[in-house]
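One line per chain: the protein sequences are V and A, in this order. By the working numbering, the letter at position 134 of the first sequence is numbered 134, and the numbering carries on one by one without gaps. By the working numbering, the letter at position 159 of the second sequence is numbered 159, and the numbering carries on one by one without gaps.
Simulated from the structure, these hints should not be mistaken for lab results. Please note: incorrect hints may appear among the correct ones.
[Claimed, not checked] Result set (SDA-like, lysine to any residue): computed pairs, CA atoms no more than 20 Å apart in a straight line:
no.: 1; chain 1: V; residue 1: K267; chain 2: A; residue 2: D36
no.: 2; chain 1: A; residue 1: K180; chain 2: V; residue 2: N294
no.: 3; chain 1: A; residue 1: K64; chain 2: V; residue 2: N294
no.: 4; chain 1: V; residue 1: K293; chain 2: A; residue 2: Y152
no.: 5; chain 1: A; residue 1: K23; chain 2: A; residue 2: K143
no.: 6; chain 1: V; residue 1: K33; chain 2: A; residue 2: E78
no.: 7; chain 1: V; residue 1: K185; chain 2: V; residue 2: Y173
no.: 8; chain 1: A; residue 1: K63; chain 2: V; residue 2: Y173
no.: 9; chain 1: V; residue 1: K296; chain 2: A; residue 2: G85
no.: 10; chain 1: A; residue 1: K63; chain 2: V; residue 2: E316
no.: 11; chain 1: V; residue 1: K33; chain 2: A; residue 2: M1
no.: 12; chain 1: A; residue 1: K59; chain 2: V; residue 2: N294
no.: 13; chain 1: V; residue 1: K6; chain 2: A; residue 2: T56
no.: 14; chain 1: V; residue 1: K293; chain 2: A; residue 2: K113
no.: 15; chain 1: A; residue 1: K67; chain 2: V; residue 2: D18
no.: 16; chain 1: A; residue 1: K59; chain 2: V; residue 2: I119
no.: 17; chain 1: A; residue 1: K63; chain 2: V; residue 2: T301
no.: 18; chain 1: A; residue 1: K59; chain 2: V; residue 2: R318
no.: 19; chain 1: A; residue 1: K63; chain 2: V; residue 2: D18
no.: 20; chain 1: A; residue 1: K153; chain 2: A; residue 2: G62
no.: 21; chain 1: A; residue 1: K43; chain 2: V; residue 2: E309
no.: 22; chain 1: V; residue 1: K295; chain 2: A; residue 2: K153
no.: 23; chain 1: V; residue 1: K251; chain 2: V; residue 2: S304
no.: 24; chain 1: A; residue 1: K143; chain 2: A; residue 2: D121
no.: 25; chain 1: A; residue 1: K53; chain 2: V; residue 2: T301
no.: 26; chain 1: A; residue 1: K64; chain 2: V; residue 2: K185
no.: 27; chain 1: A; residue 1: K139; chain 2: A; residue 2: G85
no.: 28; chain 1: A; residue 1: K59; chain 2: V; residue 2: I308
no.: 29; chain 1: V; residue 1: K293; chain 2: A; residue 2: G62
no.: 30; chain 1: V; residue 1: K166; chain 2: V; residue 2: E130
no.: 31; chain 1: A; residue 1: K180; chain 2: A; residue 2: K59
no.: 32; chain 1: A; residue 1: K113; chain 2: A; residue 2: E78
no.: 33; chain 1: V; residue 1: K118; chain 2: V; residue 2: D96
no.: 34; chain 1: V; residue 1: K295; chain 2: A; residue 2: F163
no.: 35; chain 1: V; residue 1: K295; chain 2: A; residue 2: K64
no.: 36; chain 1: V; residue 1: K91; chain 2: V; residue 2: D139
no.: 37; chain 1: A; residue 1: K153; chain 2: A; residue 2: K180
no.: 38; chain 1: V; residue 1: K293; chain 2: A; residue 2: M1
no.: 39; chain 1: A; residue 1: K59; chain 2: V; residue 2: W320
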Amino acid sequence: MDKHLKSIDIKDFKCFKDFKANGFKRVNLIGGKNNVGKTAFMEACYINLSSVNIDSAWRVLSLTKFRRNSLEYIGKTLEFKDIKKDFETTKTVNIDSNINQLYFSVLNYDGKKEYKFKINSKETIININEFSYNYEKNDSIQFIDNFGLDNSELKDMFEAVQKKDKEEVLYSYINEFDSNIVNFKVIGGDKPQCKVDGEYRDINEFGDGLKHYISIICSLYACENGYLFIDEIDNGIHWSQLDKIWEIILKISKEQNVQLFATTHSKECIESYGRISKKFEEKEISFIELGQKNKKIESITYESDEVIEQIYQNQEIRGW
Amino acid sequence: MVKIICEGDDDKSFIRQFLQHLKKEEVIPSNIVNFDSYIQSMKGKSNLLDSEKYLTIEKQIGKKIDKVLFIFDCDYIEDDNRCGGLENSKDCIENLIIQLDWSIEVDYYIFNKNLDYFIIDTLDKKDYFEDCESCFRLKELNKNRKILTCIYKTLYPKKPYDFSHKNFNDIKKKLVNLFKVESL
């Protein structure tokens, strides 16, 4: 990764009409009230960073839409027409950052639809049938939504740990999370399992927090020189584990050069973030507070010292 | 949201108690829960009156903060401080407000001398405390009367100040105005 995402300008995307935010650091925690657009903000960043050509832009726009609608497809066979249908509900997207410029809109001439993409000044008009699925997947940009990774995705992320010979590090982190667990493997192709009392058990037999914790650690290794987005980072995690998670994130994100964005509603999670940043004198962190006034969404980005001071003074930074 | 900007943690604690009292009196909205989040301590009068110390708050002005009330002590003119004494303090805060140039409603309240002096004047046993102050020549140790308010808190840990005292009327008006429903 040449650059970190420093700023973003979202003109048309979901709840954002004309939104700007800047001052992002290596690790960024996002807070705000319900429906203010925390997840949409991360999706906009994710789409912008992933959109390097039409194939990647179309894929990431579809994927983002699909991710939100995924529950609607449970029990159904997903077909191209479903993805197309989801994709076509997006009318315009206009997201610029210090990394990429992306503009997308649907053109409608007498019932004939075409799609206009402008990516980093290069403009193309294309028919949906010309979209290609033969994209080159960028593994160094990952998005963990609030449902977490499925087993197949976790297997992919774990491969990065294996390639880097970091299994022992992962085992020790897992053991710190739950001292009964002594090992972790993907067995039988795509079955993540944890070893307890001499026996491997499917990871889904454990609490959601453990899978989320392992997903975060593996994804950090997978996103070397890239970007990791985590929606509701403290989902399923007991408060007493939060310091450990932030310590791991600060350490691995620095070691692997990963820029991380995460959302939370939890005051305990924010306090832990400030406490651990202070403990390790980490300056490359920020807190992005989203709020709404007169129906306009705005942001305030706090730097490391400001985050710590706001927490110390018991100020409310979880949105307005 | 509104913000009260004060000098230090003692002031913050006093304002918190006062707001709790106003909430009980039902003159500020009942949905205000975390009083601390409305009060920002600047860690000293010199910081409070220094426009360079408002970088974080400035990020919030106009977005999150709609109204600000500064509360601080005027201290003593003989302290050889540019902002010592009531008149100098007024000049300093008005200059600060001009320098900050926030396009929101900004007001201020200044305690005559200091918070402790102000509080002692409202105590129902004020005479006893002043006798104590003379006997032990406390003013020679600390003219701000901090020792007396500490004695009060030690003697009556569960008894709050008498916020219905007429001396509190002006600051009460400012706080009630700050928390008017339309400004939240």
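To see whether the hints hold, each was checked on the structure:
1. For the given pair, K267(V) sits about 14 Å from D36(A) by alpha-carbon distance, which is consistent with the 20 Å threshold.
2. Of the supplied pair hints, the one linking K180(A) and N294(V) holds, its CA atoms being roughly 18 Å apart against a limit of 20 Å.
3. Among the hinted pairs, K64(A) with N294(V) is consistent with the structure: their alpha-carbon atoms are about 11 Å apart, no more than 20 Å.
4. With a CA separation close to 44 Å, the supplied pair K293(V) and Y152(A) exceeds the 20 Å bound.
5. A threshold of 20 Å between alpha carbons decides the hint, and for K23(A) with K143(A) the separation of about 33 Å lies outside it, so the pair is violated.
6. Between K33(V) and E78(A), the direct Cα distance comes to roughly 49 Å. Violation of the 20 Å bound is thereby established for this hinted pair.
7. This hinted pair checks out: K185(V) and Y173(V) have alpha carbons roughly 14 Å apart, not beyond 20 Å.
8. Distance check on the hinted pair: K63(A) and Y173(V) sit about 41 Å apart at the alpha-carbon level, beyond 20 Å; violated.
9. Restraint check for K296(V) and G85(A): not satisfied, since their Cα atoms lie roughly 43 Å apart, outside the 20 Å limit.
10. Straight-line distance between C-alpha atoms of K63(A) and E316(V) comes to about 14 Å, which keeps the hinted pair within the 20 Å bound.
11. For the given pair, K33(V) sits about 14 Å from M1(A) by alpha-carbon distance, which is consistent with the 20 Å threshold.
12. In summary, the hint linking K59(A) to N294(V) is supported, as the alpha carbons are separated by about 18 Å, within the 20 Å threshold.
13. Annotation: proposed proximity of K6(V) to T56(A) holds, straight-line Cα distance about 19 Å (limit 20 Å).
14. With a C-alpha separation of about 39 Å, the suggested pairing of K293(V) with K113(A) is violated against the 20 Å cut-off.
15. Our distance criterion of 20 Å between C-alpha atoms is broken by K67(A) and D18(V), whose separation comes to about 25 Å.
16. Restraint check: the Cα-Cα separation between K59(A) and I119(V) comes to about 32 Å, which exceeds 20 Å; the hinted pair is violated.
17. Using a Cα cut-off of 20 Å, the hinted pair K63(A) and T301(V) holds, with the two alpha carbons roughly 12 Å apart.
18. About 15 Å separates the Cα atoms of K59(A) and R318(V), which keeps this hinted pair within 20 Å; it holds.
19. Taking the CA atoms of K63(A) and D18(V), the gap is about 15 Å. The hint holds against a cut of 20 Å.
20. Distance restraint check for K153(A) and G62(A): the Cα-Cα separation of roughly 39 Å exceeds the 20 Å cut-off, and the hinted pair is therefore not satisfied.
21. About 12 Å separates the Cα atoms of K43(A) and E309(V), which keeps this hinted pair within 20 Å; it holds.
22. Distance check on the hinted pair: K295(V) and K153(A) sit about 47 Å apart at the alpha-carbon level, beyond 20 Å; violated.
23. Of the pairs offered as hints, the one joining K251(V) and S304(V) holds, with about 16 Å between alpha carbons and a cut-off of 20 Å not exceeded.
24. Between K143(A) and D121(A) the alpha-carbon distance is near 14 Å, which keeps this suggested pair within the 20 Å criterion.
25. Proximity of K53(A) to T301(V) is assessed by CA-CA distance (about 17 Å); at most 20 Å being required, the pair is judged to hold.
26. Taking the CA atoms of K64(A) and K185(V), the gap is near 48 Å; set against the 20 Å cutoff, the hint is violated.
27. A C-alpha spacing of about 18 Å is found between K139(A) and G85(A), which places the hinted pair at or below 20 Å, so the restraint holds.
28. At most 20 Å may separate the alpha-carbon atoms for a hinted pair to count; K59(A) and I308(V) meet this at roughly 16 Å.
29. For the hint linking K293(V) to G62(A), the alpha-carbon distance of about 9 Å falls within 20 Å, and the restraint holds.
30. Distance check on the hinted pair: K166(V) and E130(V) sit about 41 Å apart at the alpha-carbon level, beyond 20 Å; violated.
31. For the proposed pair K180(A) and K59(A), the alpha carbon gap of about 23 Å is over 20 Å, so the pair is violated.
32. A C-alpha spacing of about 11 Å is found between K113(A) and E78(A), which places the hinted pair at or below 20 Å, so the restraint holds.
33. Simply put, K118(V) and D96(V) have alpha-carbon atoms about 11 Å apart, close enough for the 20 Å limit, and the pair holds.
34. Straight-line distance between C-alpha atoms of K295(V) and F163(A) comes to about 39 Å, which puts the hinted pair past the 20 Å bound.
35. A threshold of 20 Å between alpha carbons decides the hint, and for K295(V) with K64(A) the separation of about 13 Å falls inside it, so the pair holds.
36. With a CA separation close to 27 Å, the supplied pair K91(V) and D139(V) exceeds the 20 Å bound.
37. Simply put, K153(A) and K180(A) have alpha-carbon atoms about 31 Å apart, too far for the 20 Å limit, and the pair is violated.
38. Between K293(V) and M1(A) the alpha-carbon distance is near 10 Å, which keeps this suggested pair within the 20 Å criterion.
39. For the hint pairing K59(A) with W320(V), the CA-to-CA distance comes to about 13 Å; that is within 20 Å, so the pair holds.
In terms of the numbered hints stated before, the structure departs from hints 4, 5, 6, 8, 9, 14, 15, 16, 20, 22, 26, 30, 31, 34, 36 and 37, listed from lowest to highest.
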